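For reference, the chains in residue letters:
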Amino acid sequence: MSNLDRFIETFLNGAVLAKYTPAILSGVWVTVELSVLIVIAGTVLGVALACIRAYRIRPVSFVIVIYADIFRALPPLVLILLAYFGLPNIGLSLSSSAVLFVILGLTLGAFAEEIVWAGITATDKGQWEAARSTGLGFGQSLIHVVLPQAVRMVIPPLTNRAIAITKMTALGTVIGVPDILNQATTAQSFSGNASPLTLAAIAYVALFLPFVILSRWLESRFSWKKG
Amino acid sequence: MSKTITSPAVRRLCEAESPAASKAGRPPILEVTGLRKSFGRLEVLKNVSLSVEKSEMVFVLGRSGSGKSTMLRCCNRLEEPDSGAILLEGQAITGREVNLDKVRRRIGMVFQSFNLYPHLDARRNITLALRKALKQPRDEADARAAAALARVGLTEKAGSYPAQLSGGQQQRVAIARAIALEPAVMLFDEPTSALDPELVGDVLGVMRELKEDGMTMLVVSHEMGFAREAADRVVFMADGRIVEQGPPEAIFTDPQHESTRAFLSRYSSAP
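Chains A and B supply the protein sequences, listed in that same order. Residue 261 in the working numbering sits at position 222 of the first sequence, and the numbers go up by one each step. Residue 245 in the working numbering sits at position 154 of the second sequence, and the numbers go up by one each step.
In isolation and in its complexed conformation, chain B is listed as follows:
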């Protein structure tokens, strides 16, 4: 654990990890320890450790530049950490011998800018990885795509191209693309930041349903209200470190660290 964590945060950390301790012997779905990453001289992650339990929804908050997106992107090695360990279901996924493509099939990722393939319709956006990475036959991949689209409520949009969809619909197709691979954990990188306010609710609604279905999720987002209401745990990052974490009520009503307080007072003029 980082030496920089203040004592109340350590207390919270222990509280937060207590459910894990009760499931003794079963490793967390995702575990990050001692993660460090620099871009040139800028140290973005300074010894970050975090674990996500099965079916847990963990929200990562923090100012932009606090390292939260970089931390998330290290989890599926879109960003290569300088040092530290990342374990998926107890298996290390850092190191040269790891088959990264195989690992990434187990980690779904949803991006701020959706990143749907513009030359493929919604169905083929989803089936591409099923066909080419999982080598599924066409009918099986199509069936999975249909099921994934149904889960995000877009069955009728299977034949639509990204340009024909609203931002909210595009992001839901992107979520469907990720869940079709039946990942062990899903990473959300500011999934609603590029959306018009009236479309945010649809995407959050889908995320809530995923949580109810038991999906494990690690979410970087500024949706405070949603974090408070839906997250199992909130992690607050500042200056490349996790400075505080715990249940959302505790973090939002009684933040211990000064940067958490400063952040929350700036963001939550609303309750």
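Looking at chain A on its own, in the form it has when it is part of the complex:
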């Protein structure tokens, strides 16, 4: 058997691929579902917290900063394991998917808050002044004038971070979330062949490449020339 044949036999075995494709596809669905939920929840949480922080109420901002720093410092895997195996001991048992959603949502929320906050502080002070001088309130100025500019400014780092966090759905494998990677490793141990993992890699690329391209498009769509 030539090296090439051995390579194909190991990584692109047609029979194995055919057999386990349905399982991997079911994993794709789980990964997509979780990713969408995590991105929506994390972004909304981050934007909301950044807006609350804009009011500069000291104790509130302090709590937000502590949350953001802790969730940005801890590896999500630690939190996932801690939540999944620890919480039942205090009478709170969540499904593995729920744990993954909550932890990754909170992690993305922490990063998104910092990113959007950076955008809010980077928005020209004159924009606030112009809005307030026309009689718009603080909240109205924030929502209609500052936030749209801040979000546009941070679309590239925000999409990058969202992609990075959603890829972490693969961590769900360790607590039994039936996502792409979990299906693939299961199939790999049943078949004794690495082809399902290849398929998983292909599935991840097929899934996330459009997001990467979308982020490029958003970057150009939401940028405007400085006057």
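Just so you know, the hints here were simulated from the structure itself, not pulled from any lab data. Treat the numbers as computed from the prediction; the structure is a model and nothing was measured. A hint or two may mislead.
Pair by pair, the computed Cβ-Cβ distance ranges are [unchecked claim]:
1) A:I91 to B:R187: 21 to 27 Å
2) A:P114 to B:S174: 51 to 57 Å
3) A:V99 to B:D230: 35 to 41 Å
4) B:Q182 to A:A137: 34 to 40 Å
5) A:L126 to B:P228: 47 to 53 Å
6) A:I129 to B:R187: 43 to 49 Å
7) A:R97 to B:G125: 51 to 57 Å
Cβ coordinates follow ideal geometry from the N, Cα and C atoms, glycine included.
With the hints as your guide, set chain B onto chain A.
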């Protein structure tokens, strides 16, 4: 009144206020008394008092750092004065109980750097406050925006974004944004300082038309020629105080205070 005003200035002050006295009982549109403001240890405004009558165009001159912009920004409380009173049409607008957003709708402000909203086109730059602050329905706000843009001669630019406009056009849209709220008084903070020289004329032309329409205006600017020709009164500030004020001809031809003289000799090598 400030004790630091020299006697010729007091004379001028009385002259300048004489039209107000003739309209007895009617308060000035804008009246500032005893305004003080410090940034840390730096005292920027040292007891400034000034009043602007209806339809009057008052120019504030002075070197940079003389406190003129801070004074202007105190008038709509973008800068919070440490003490002193600000009255808009006789009503105090300092104090905690004042609804600042409501007051600011009556005071238009034009900034040196235009400060148009870059994510909104010209029309929506104007309608935002009409819709959200005045709660006008869309068609009414659109009609007002169209009228305001027509007044600054930019009807055809309603759909343009700030980045697609020249500096002069941006500043005219900013003026339209302010006048659409139909303010009682307009504050101009160096409205032409960020413009290329050839675009200055357009903006000054719009300001002249506003004056002809009877708008009350308080202008901080270095446009000496325009001040001399169009202003009703010129106020000269130095070191946080108003040191001299009066009709432009008097100030420009016969300045009394030494800092006014020094300033004018530096600026007006041209007539």
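Verification of the hints:
1. A beta carbon spacing of about 24 Å between I91 (chain A) and R187 (chain B) agrees with the range 21 to 27 Å that was offered as a hint.
2. Between P114 (chain A) and S174 (chain B), the C-beta spacing of about 55 Å keeps the proposed range 51 to 57 Å intact.
3. Roughly 40 Å separates the CB atoms of V99 (chain A) and D230 (chain B), a value that falls within the hinted 35 to 41 Å.
4. One distance hint, 34 to 40 Å for the beta-carbon pair Q182 (chain B) and A137 (chain A), is violated here, with the actual separation near 57 Å.
5. Evaluation of the 47 to 53 Å hint for L126 (chain A) and P228 (chain B) yields a pass: the beta carbon distance comes to about 51 Å.
6. Distance hint check: the CB atoms of I129 (chain A) and R187 (chain B) are about 47 Å apart, consistent with the given range 43 to 49 Å.
7. At roughly 33 Å, the beta carbons of R97 (chain A) and G125 (chain B) sit outside the given window of 51 to 57 Å.
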